[in-house]
Amino acid sequence: MKIVLALYTVYEELQKDLENTFSTLHQMGYSGVELYGEARWPAAEVRELAKRYELDICGWHVEWKLLQPETIQKTIRYHKELGNRNIVIPCLGGPWNIAHRPEENNAATWLRHAEEMNRISELLEAEGLRLGYHTHAHEFEDDLAGVTPWEILLKYTLPSIFLELDTGNCLEGGGDPVRALREASGRLDVVHCKPFSAADGVETGISEAGDLNDWQRILEECRAGGCSWLAVENEAVTRGGKFEVAQQDLKQLERHLLRMP
85 MKIVLALYTV YEELQKDLEN TFSTLHQMGY SGVELYGEAR WPAAEVRELA
135 KRYELDICGW HVEWKLLQPE TIQKTIRYHK ELGNRNIVIP CLGGPWNIAH
185 RPEENNAATW LRHAEEMNRI SELLEAEGLR LGYHTHAHEF EDDLAGVTPW
235 EILLKYTLPS IFLELDTGNC LEGGGDPVRA LREASGRLDV VHCKPFSAAD
285 GVETGISEAG DLNDWQRILE ECRAGGCSWL AVENEAVTRG GKFEVAQQDL
335 KQLERHLLRM P
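Residue numbers (the working numbering): 85 to 345.
One should not assume that every hint holds.
To be verified - With a straight-line cut-off of 25 Å between C-alpha atoms, the simulated DSS-like cross-links for lysine-lysine are:
hint, residue 1, residue 2
1, Lys149, Lys86
2, Lys135, Lys86
3, Lys135, Lys164
4, Lys135, Lys158
5, Lys100, Lys135
6, Lys239, Lys86
7, Lys164, Lys149
8, Lys135, Lys335
I should point out that these hints are in silico values taken from the structure, not numbers from a laboratory.
Make a model of the complete structure from these sequences and hints.
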């Protein structure tokens, strides 16, 4: 398993200077990146910079609106030129009301989302690409008449769609990331390693005091479930500079990997 940085962690820095972001992460020792947001740069430029700084591109968080019938072909062309295989839906529903309003947050709506994801996945697979879905807290905490969005996605999306579990978001939603990883075994191409504290929320780091993640068990489930990429993500704003935080979390995760038998 390789450690990459989910670039949401350094989003503002990324928008200011793509090359400096890649160069800095290379110097830190990251193996790759997972991009996030609008494709502001030509695909050839991103591909060349990633090659120059020896960073694998393990995926890109692509908004739902860019996977619709009127936009998906442009999205496919961009990512094929880039050489990125993994297209990840960042979120559906939640406080952002993506693809449905709060009053529509029910099992039927999530079943429709699963059906649409299956349709999108088949289109992407025909082009050599793969669809994934990134989880937040609400997939675990929303009780939709006895079922959660996570359970619906597990059961009704195609097995070829990977489920990008975010460990910190899972904990925030009252879930157990170890159990969730086990449930999604075989569909764990990328896993988001995010620290989370009951007292301080996201204002913590991997293995810092208060971090609720059981990293050794999490990494064991990641390996058993076929994970290729461990994507560090940190949303803290009070722990220092974003690159400094990313480096601290990288060191801690590397330490845990070295402890694995």
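Hints versus structure:
1. Lys149 / Lys86: Not OK: Lys149 and Lys86 at ~30 Å, beyond 25 Å, violated.
2. Lys135 / Lys86: holds (16 Å)
3. Lys135 / Lys164: Given pair Lys135, Lys164 holds - Cα atoms ~16 Å apart, limit 25 Å.
4. Lys135 / Lys158: Since the Cα atoms of Lys135 and Lys158 sit roughly 23 Å apart, the hinted pair holds (cutoff 25 Å).
5. Lys100 / Lys135: Satisfied, since the Cα-Cα distance of roughly 20 Å is no more than 25 Å.
6. Lys239 / Lys86: Given pair Lys239, Lys86 is violated - Cα atoms ~28 Å apart, limit 25 Å.
7. Lys164 / Lys149: holds (19 Å)
8. Lys135 / Lys335: holds (23 Å)
Against the hints set out earlier in the document, violations occur for numbers 1, 6.
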